[in-house]
Amino acid sequence: MVAAEYPKFYLYKRIVQAKLYIDENFALDIDLDNISSEASFSKFHFIRLFKKIYGRSPHQHLTVVRIEQAMRLLRMNTSVTETCFAVGFQSISSFTTLFKRHTGVPPSVFLQRHQQMMLTVVKKPLLFIPGCFASMNGWK
Amino acid sequence: MSHVSIYVLDQDSAYDFYVNKLGFKVHTDAVMGPGARWLTVTPPEQPGLEITLMAISEGMMFTKETAATMRDLVKKGTFGFGVFECKDIYATYEELKAKGVQFVKEPKKEFYGIEALFKDDSGNWFSLGQKGD
Chain A
990 MVAAEYPKFY LYKRIVQAKL YIDENFALDI DLDNISSEAS FSKFHFIRLF
1040 KKIYGRSPHQ HLTVVRIEQA MRLLRMNTSV TETCFAVGFQ SISSFTTLFK
1090 RHTGVPPSVF LQRHQQMMLT VVKKPLLFIP GCFASMNGWK
Chain B
148 MSHVSIYVLD QDSAYDFYVN KLGFKVHTDA VMGPGARWLT VTPPEQPGLE
198 ITLMAISEGM MFTKETAATM RDLVKKGTFG FGVFECKDIY ATYEELKAKG
248 VQFVKEPKKE FYGIEALFKD DSGNWFSLGQ KGD
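Residue numbers (this note's numbering), protein chains in the order written: chain A, 990 to 1129; chain B, 148 to 280.
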C-alpha cells in the first residue's frame, strides 16, 4: 500500500491540493491565509511544508504560475494589458517588473519575439526540424 | 542529446497529456502539410531536450501495415521510453493522479531509490523516480 510507505501520506495530499488550487485559481485574488486554514494547517506550518516540497513559498509559487500563464497568453498573441489582468496582476507596472525578473525581458519584448518566431516557424519550419526527420517524412 | 521521439496515437491528445498534465512546454508546433505536424515539447527543467511527439501514420516512415502494427504495439503498452526524475515523488504522484494520469505502479522504495510507473495517453510507459530515500 502506498499509504503505508508514505512518510506523511495525509500531509502530502493536503499540500498537493493546496498547490493545485493555486494552479487552477491563479487569476483570482487568492488569500494564502485561507488556503492554509482550508488545508488545516497553521500558516507557518503550511508555508514550511509547501516550501519543503516545492522549493518555494506558496506566494512565490503563485507568482511563478501567473508569469507562466502570462507567457502562455502572450504566445497566443494576447495584448500585454489584457494578459496582465487576465492572470491576476493588479497593475501593469508590477506585472512588467515581475515578468522581467522571471524571464529576463519585459512582456512587450517577449510578445514581439514570439510573434517573430511564429512567423519564421510558418515560413521556414524546416529551420526547426532536424534534417534526418524532415527527409524521413518527405518534408524536403 | 537534443531530440528524442515518442510515438503517439493522437497528437492533439498527446499535446494535452504532455503539456496540461505533465507540465511540459511546447517547443515547436508546426503544420507541415495536410495531416502532418511537427510537435515537440520540453520537460520544464530541461529546455534543451526536445521530445518529438510523433504521429504513427502511413507515409514515408511507415507502410500502412507497419503503421497499424506500430499503433497496436503502442496501445498494448509495449514501449517504455524513459525515466523522469523529480524532487519529491510523493507530491508529484499525488498531483499527476489528481490530474488523471494512470499509474501502473505506485511509489515504492527500491534499492536504487523510489519509483513509480505511469502511462501516457497512448499507452507508452515511463518510470517516475526520486533518488535516495
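By construction, these hints were calculated from the structure, which means they are not laboratory data.
Fair warning: this is a prediction, and the values are worked out from it, not measured in the lab.
Every residue gets a Cβ at the ideal spot worked out from N, C-alpha and C, and that includes glycine.
Among the hints, a few may not be true.
Label-pair restraints from in silico Cβ distances [to be verified]:
1. A:Pro1095 x B:Thr216: 47 to 55 Å
2. A:Leu1009 x B:Val230: 20 to 28 Å
3. A:Val1098 x B:Phe258: 23 to 31 Å
4. B:Gly206 x A:Gln1079: 44 to 52 Å
5. A:Gln1079 x B:Lys222: 19 to 27 Å
6. B:Lys278 x A:Val1110: 16 to 24 Å
7. A:Val1098 x B:Leu196: 37 to 45 Å
8. A:Lys1089 x B:Val151: 15 to 23 Å
9. B:Lys278 x A:Lys1113: 25 to 33 Å
10. A:Met1106 x B:Thr216: 33 to 41 Å
11. A:Gln1105 x B:Val251: 42 to 50 Å
12. A:Ala1123 x B:Lys222: 41 to 49 Å
Tell me if the beta carbons of Gly206 of chain B and Gln1079 of chain A are separated by a distance inside 44 to 52 Å. Holds, at about 51 Å.
Holds or violated: the 47 to 55 Å window for the beta-carbon distance between Pro1095 of chain A and Thr216 of chain B? Given range 47 to 55 Å: holds, Cβ gap about 51 Å.
Just to be sure I understand the hint, the distance between the Cβ atoms of Val1098 of chain A and Leu196 of chain B should be within 37 to 45 Å; is that true here? The hinted range 37 to 45 Å is violated for Val1098 of chain A and Leu196 of chain B, with Cβ atoms some 26 Å apart.
Holds or violated: 19 to 27 Å for the Cβ distance of Gln1079 of chain A and Lys222 of chain B? violated, 49 Å
Quick check on a hinted range of 16 to 24 Å for Lys278 of chain B and Val1110 of chain A, using CB atoms only. violated, 37 Å
Using the C-beta atoms of Val1098 of chain A and Phe258 of chain B, is the stated range 23 to 31 Å upheld? violated, 50 Å
Verify the CB-CB distance for Lys278 of chain B and Lys1113 of chain A against the hinted window 25 to 33 Å. violated, 41 Å
42 to 50 Å was suggested as the range; check whether the CB atoms of Gln1105 of chain A and Val251 of chain B agree with it. holds, 43 Å
Are Met1106 of chain A and Thr216 of chain B spaced within 33 to 41 Å by their CB atoms? holds, 37 Å
Just tell me: holds or violated, for the beta carbon distance of Ala1123 of chain A and Lys222 of chain B against 41 to 49 Å? violated, 27 Å
Just tell me: holds or violated, for the beta carbon distance of Lys1089 of chain A and Val151 of chain B against 15 to 23 Å? violated, 33 Å
State, for the Cβ atoms of Leu1009 of chain A and Val230 of chain B, whether the hinted interval 20 to 28 Å holds or is violated. holds, 24 Å
Against the hints set out earlier in the document, violations occur for numbers 3, 5, 6, 7, 8, 9, 12.
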